[in-house]
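Colleague: Here is what each chain is made of, one letter per residue.
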Amino acid sequence: MSPMYVQRSNSITAVKGLVAAIAVGFLVLLPSATILNAQTAESDAPRAWDGHPDLNGVWQAIGTANWDLEDHPASGGHPDLGAIGAVPPGQGVVVGGAIPYQDSALEQRQQNWENRPAGDPEAKCYFPGVPRATYLPHPFQIIQGDKKIMMVYGFAETSRTIHMDKDNPERAPIDSWMGRSHGHWDGDTLVVDASGFTGEAWFDRAGNFASNNLTVVERYTPMGSHAIMYEATLEDPTVFTRPWQIRMPLYRRLEDNARVLEFKCVEFSEDLLYGHLLREPTR
Amino acid sequence: MNRKTAISAYVIAVAGVIAAPGMARAADYHHVHVTASSPSEAVRWYSEYLDCQPVADRRDAADCDGTELVFVVQPTMGSTQGTGVNHISFSYEDLTTKMAALEAVGVRGSGVRLQRFDDGSTLRDIPGLFKIGFIFDPWGTRIEMVEDEEYLGFHHVHLSAADPEATLAFYRDVMGGEPASLRGQIDGLLFGDVWLLASEHGEGTPATTGGRAIDHIGFVVDDLTAAATEYRNHDVVFETEPAVPEGGRTQAQRAFLRGPDNVRLAVVETGFAGVVTERAAEATGADAEPYDAPATPWGEPDLQGVWTGNSAHGIPLERPDDSAATESLTAEQAEARRERGTLGSIWGYEREWRDTTLGYVKTAPSTQVAMVVDPPSGRIPALTAEGEVMAARAAESRASYTQRPAAGPEDLTPYVRCITRGLPGLMMPSIYNNGLQITQGPGFVTIQKEMVHETRVIPTDPRERVGENVKTWLGDPQGRWEGDTLVIETTNFNGLASYRGSSSDMTLIERYTRIGPSSLQYSFTVDDPTVWTRPWTGQFNFDLDDEQYELVEYACHEGNYGMTNILSGARAQEAAEAEAPGR
Numbered sequence: 156m157s158p159m160y161v162q163r164s165n166s167i168t169a170v171k172g173l174v175a176a177i178a179v180g181f182l183v184l185l186p187s188a189t190i191l192n193a194q195t196a197e198s199d200a201p202r203a204w205d206g207h208p209d210l211n212g213v214w215q216a217i218g219t220a221n222w223d224l225e226d227h228p229a230s231g232g233h234p235d236l237g238a239i240g241a242v243p244p245g246q247g248v249v250v251g252g253a254i255p256y257q258d259s260a261l262e263q264r265q266q267n268w269e270n271r272p273a274g275d276p277e278a279k280c281y282f283p284g285v286p287r288a289t290y291l292p293h294p295f296q297i298i299q300g301d302k303k304i305m306m307v308y309g310f311a312e313t314s315r316t317i318h319m320d321k322d323n324p325e326r327a328p329i330d331s332w333m334g335r336s337h338g339h340w341d342g343d344t345l346v347v348d349a350s351g352f353t354g355e356a357w358f359d360r361a362g363n364f365a366s367n368n369l370t371v372v373e374r375y376t377p378m379g380s381h382a383i384m385y386e387a388t389l390e391d392p393t394v395f396t397r398p399w400q401i402r403m404p405l406y407r408r409l410e411d412n413a414r415v416l417e418f419k420c421v422e423f424s425e426d427l428l429y430g431h432l433l434r435e436p437t438r
Numbered sequence: 030m031n032r033k034t035a036i037s038a039y040v041i042a043v044a045g046v047i048a049a050p051g052m053a054r055a056a057d058y059h060h061v062h063v064t065a066s067s068p069s070e071a072v073r074w075y076s077e078y079l080d081c082q083p084v085a086d087r088r089d090a091a092d093c094d095g096t097e098l099v100f101v102v103q104p105t106m107g108s109t110q111g112t113g114v115n116h117i118s119f120s121y122e123d124l125t126t127k128m129a130a131l132e133a134v135g136v137r138g139s140g141v142r143l144q145r146f147d148d149g150s151t152l153r154d155i156p157g158l159f160k161i162g163f164i165f166d167p168w169g170t171r172i173e174m175v176e177d178e179e180y181l182g183f184h185h186v187h188l189s190a191a192d193p194e195a196t197l198a199f200y201r202d203v204m205g206g207e208p209a210s211l212r213g214q215i216d217g218l219l220f221g222d223v224w225l226l227a228s229e230h231g232e233g234t235p236a237t238t239g240g241r242a243i244d245h246i247g248f249v250v251d252d253l254t255a256a257a258t259e260y261r262n263h264d265v266v267f268e269t270e271p272a273v274p275e276g277g278r279t280q281a282q283r284a285f286l287r288g289p290d291n292v293r294l295a296v297v298e299t300g301f302a303g304v305v306t307e308r309a310a311e312a313t314g315a316d317a318e319p320y321d322a323p324a325t326p327w328g329e330p331d332l333q334g335v336w337t338g339n340s341a342h343g344i345p346l347e348r349p350d351d352s353a354a355t356e357s358l359t360a361e362q363a364e365a366r367r368e369r370g371t372l373g374s375i376w377g378y379e380r381e382w383r384d385t386t387l388g389y390v391k392t393a394p395s396t397q398v399a400m401v402v403d404p405p406s407g408r409i410p411a412l413t414a415e416g417e418v419m420a421a422r423a424a425e426s427r428a429s430y431t432q433r434p435a436a437g438p439e440d441l442t443p444y445v446r447c448i449t450r451g452l453p454g455l456m457m458p459s460i461y462n463n464g465l466q467i468t469q470g471p472g473f474v475t476i477q478k479e480m481v482h483e484t485r486v487i488p489t490d491p492r493e494r495v496g497e498n499v500k501t502w503l504g505d506p507q508g509r510w511e512g513d514t515l516v517i518e519t520t521n522f523n524g525l526a527s528y529r530g531s532s533s534d535m536t537l538i539e540r541y542t543r544i545g546p547s548s549l550q551y552s553f554t555v556d557d558p559t560v561w562t563r564p565w566t567g568q569f570n571f572d573l574d575d576e577q578y579e580l581v582e583y584a585c586h587e588g589n590y591g592m593t594n595i596l597s598g599a600r601a602q603e604a605a606e607a608e609a610p611g612r
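First to last, the sequence lines map onto chains W and Z. Our numbering numbers the first residue of the first sequence as 156 and each following residue consecutively. Our numbering numbers the first residue of the second sequence as 30 and each following residue consecutively.
Hints were generated in silico from the structure; no laboratory data involved.
Label pairs and their calculated CB-CB ranges:
#: 1; chain 1: W; residue 1: Gln266; chain 2: Z; residue 2: Pro564; range: 55 to 63 Å
#: 2; chain 1: Z; residue 1: Ala423; chain 2: W; residue 2: Arg434; range: 15 to 23 Å
#: 3; chain 1: W; residue 1: Pro436; chain 2: Z; residue 2: Glu608; range: 13 to 21 Å
#: 4; chain 1: W; residue 1: Ala382; chain 2: Z; residue 2: Gln362; range: 58 to 66 Å
#: 5; chain 1: Z; residue 1: Ser429; chain 2: W; residue 2: Pro228; range: 48 to 56 Å
#: 6; chain 1: W; residue 1: Leu409; chain 2: Z; residue 2: Ser429; range: 46 to 54 Å
#: 7; chain 1: Z; residue 1: Thr442; chain 2: W; residue 2: Asp411; range: 32 to 40 Å
#: 8; chain 1: W; residue 1: Pro292; chain 2: Z; residue 2: Asp351; range: 52 to 60 Å
#: 9; chain 1: W; residue 1: Glu355; chain 2: Z; residue 2: Asp222; range: 53 to 61 Å
#: 10; chain 1: Z; residue 1: Pro323; chain 2: W; residue 2: Asp411; range: 30 to 38 Å
For every residue, glycine included, the Cβ atom is placed at its ideal position computed from N, Cα and C.
Isolated chain Z, as found in the complex:
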């Protein structure tokens, strides 16, 4: 639904007069089930920006004026729009101030995205109603902000219905909503002091809510067994029969119904407090038991499989100043850190990018404080005198690129040019396409990183090095087995894809060790005496993800529209500056 039709939802009142209440057993809103990749971060977001309250002993719920928002990790298949639940709504006494405050938050990190109207404003005054505006949470849920002083706080759930009148009749007759008219303008239903509104769905049948940003709407009844009998009398389809759910925090029952317009409904009994669904992180700390790696049929340690670096995404290379004495993060802190890293890179990532659109579930984030394990301070050692000169030169050239339009591809990084992320850069976890496929044949290991599709062929038997003049982006690797650990020593770098200032004199020593059935420890030692006063080592783990993950072809250069856009934008900027008066 675009902006215009969103507004028209308010202008076009739902036709027809709603008949008197039927025999329904009155239900009340209980919860709205919202998909978020980080429940704790979502609780923080809704508490900070929409004045909900964290729920005691629950990491996954916020109380918004008596209605719970329950946040559950699942692969998001898209935002609320296009489904039978278009948005939820919050009401404020002074919406102008509220929207200004939200606008000041900005979209970076777990920020706030405001939807602008055609004139660029974020607020609109609807005659006879009140001021409205729209925002999105970071996980794709659309939220309407209204200024309705009669109903403050959690204000309404707005359905998108093929036949709004029939849909409202269902919620009246079956769920027991009380017909009422919002400001005499819009017919809807009241559940307690929260509205249920319905507008006509513009295009065909609404998509199912299941798996989307709002997965379902939950109602509460005193006696679900009795209510279920009534639902059956109304020919309601049950997706799940009433039962105490697995992992339920209380003995209250829950059922799932299929509402009109492919909207999933939960009905729970009084006392229901959600289910425990957290995925346990595998213990991979230093105290993990030594692990005996399996062997290939020809007798070498077997590292094969599809691994992902998703758990390590968010670990900073160096120990942050404020965590000097921290051994490891809590699960909540780790989750929030990765989430901020993800959202800080690309807004809406979880619903737009392939990892989740193909249905992958990310492994739990690592609680490791920093990658650097040597020096023990967790900080990269001091630069040599030559390293200082190189760093200053690099900073200067970076500044010149960022301060003026790029003259050509050479002004941009090898990564933007889709050449490479270099070594060890390409091994580093990132926001998406974190796949690592290791395959082996006798005497060779191939290491394929999904981003940007590079395949390294590592010989594990000694062989002659290539000549000194055959410098390459990824260098000349020589592998060996030390026990069950694959050790790779790489030299002959061309130095053009520098990692944190590394030069062509770098020797990179990588160690791959299986430390558990599904855990691969990766450590890298950067030995570059031209740049640093001593070698330094970083470390993180990859997780075996064979069951669900497959590397897809990262055709970076083939689809590098970014390069065309950057350069054509640069030329347009230069042309505009040349034409500008006074220059």
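With the rest of the complex left out, here is chain W:
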């Protein structure tokens, strides 16, 4: 038991005392030898108990990456939805402009484009995959501890466990939508290696995609207290001609009591998926 944790509170009102005790503990700990990178801590980003940047909080991407990672003009959507369904225009987040697809993969993307929106895993409430989970138009929360960093996304009840305690990255036991993620610190940047994907996820509503050979290296670099620069390098020798990168800031949700609300979207996808099998078919 840590010496600073001596208060045993029995009611919710005593929790404040505990929080104060922890805060004091934090100040006491700060100069200790266990702090990493203290000398290189130039930015004004908040610091965690161990001296690394503190990424705890609720974050969200702003922009149109989830509609299309590449440059795109405004375009119409489903006529019933009027302007609500329209695609807002956006400047691409792909460094260098275009995704370097191999010729054969361009055909697949074209098919995906033609099958949207119904073919989009987002419409079906499927796991969004990496990196898409980061820039869905929904907030996500980072819970940063000592062994794991959790990223919890409201959409489809998705989460990622970033293993910070594995010296030797382990191969994913089986492929999964969200893959397996190992993290480490490079100065003030959290670097996450993710792989072991199913290859079924899309990167956006435009049908950009990769295969199950995809590997993603993400970099989360604090830009002051309220923003993180997010960069992801994507590599897939079966789909792309070379590794490529996306880059966008993530913003802290600053509202009082900001939180990631449960967005269990399965029930909203059931008509799309099973409408043709209902007693009164809708499709």
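Given chain W, work out where chain Z should sit, using these hints.
Modeller: Then chain Z, alone, in the frame of chain W:
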């Protein structure tokens, strides 16, 4: 091997005439090592259905006509089929009656699965031989049933060999089997009055038996040291040298050999009585010593790790009527209870599902009688008048779903729809994917349940509740630390994933307390005055399983073929009924 090739094993006699016995030291069958997730349940199964006898002072062995079946817990990597030992066999005077009796048992629980021939029958009369049929034990061992009145009881071990003639020659020359012809039809070997038969393996090299439903075949000799010298003269490969094994019940030696076709063989000395391999259950009762939980580096109690609810699987929520005065179950009873719960849910679970196919070993089952600890009766309290009305309505709607095909997903439970098991339902132990990963950051605890991949984010500092209209499936949680216990109070449920009739008015109070280095006590209090006349509390433990267990992604909705099949089946049923004459 499919049914047809199984039969052809009998029709195609092993070619070649086996030469006269060599210089072998005669061995006899001693045991067949069978993998079972519950040895005591396996002893019961073989005693009840195949007339073996329990062995005195042994929980892990049954005596089948002088040959022991030894049951050992290990992660099963698949049934016998595909390995060098295809099946074992039992003989009965009246197989027709026997198979009818086994068919009547049914497959539920630790039942009996019969293999049917193409015409749907379970028996076939092989000309010149006798009647045969096939069954499976609940753990993946294939068993041939024969009607051979000359050799009753444990009848034969049937090998699947790349070269049956060479394989039988090995067992003749090295193990001392006596060449003989079964009914003049099949050349084999006799060890005492039990046959060894070999058929040609259909596809390539047989898979190794090690770790499969039949791990190895055991032979007994008087003097293993002398026998080992002979084995070496035959260039036999030793997997384990002769020695008294760790945990051996007697001083008899044992060695492991690699037989032909990747079949593992044990050779033991007379007097060998197996080894003690039982895993000790951690003491987690009320009298366990108070435990000082470790702290996170930032000074909160540390609950982090991967835990599993496997030991709690099988504990009923309420105290059964017949155990009113029982303090706790015996280890054997607990094992049998979990086993029946497992097998009652999904047949063949232990060999088909990921927990064991990824090599996990389950923690010992809990001996707790029931989850409900308050009221002390172990029974959920009486319903309120409104609760009665709600329960009747729920029963009625359940009945309508089960009595007619589902119109759409809404007629099925949120669990079948892959939405959620609700609270506290999602915390409950189940047949598989029982992982619970707890991670922490300052002021937050995340609780991830593997099935169906939900991650709850619990703030431990007070914060504003969400508005009353933001009702959700899993509600709005507020955590706090009481000493080393994490207490979570959750409200704002949408009430659609009801637990035993709970409503949207439920306040759920959960308490997580580390009570040992690898034991996490979980208690849940359901306070729902709309439904019950008083709050009630259940409790069970999770076990730290960090070393071997990792949660895998439970992509339930993404792989919900069940929903498509249920609905398309429902439509087909309705179409068939509409077309049926007289309707």
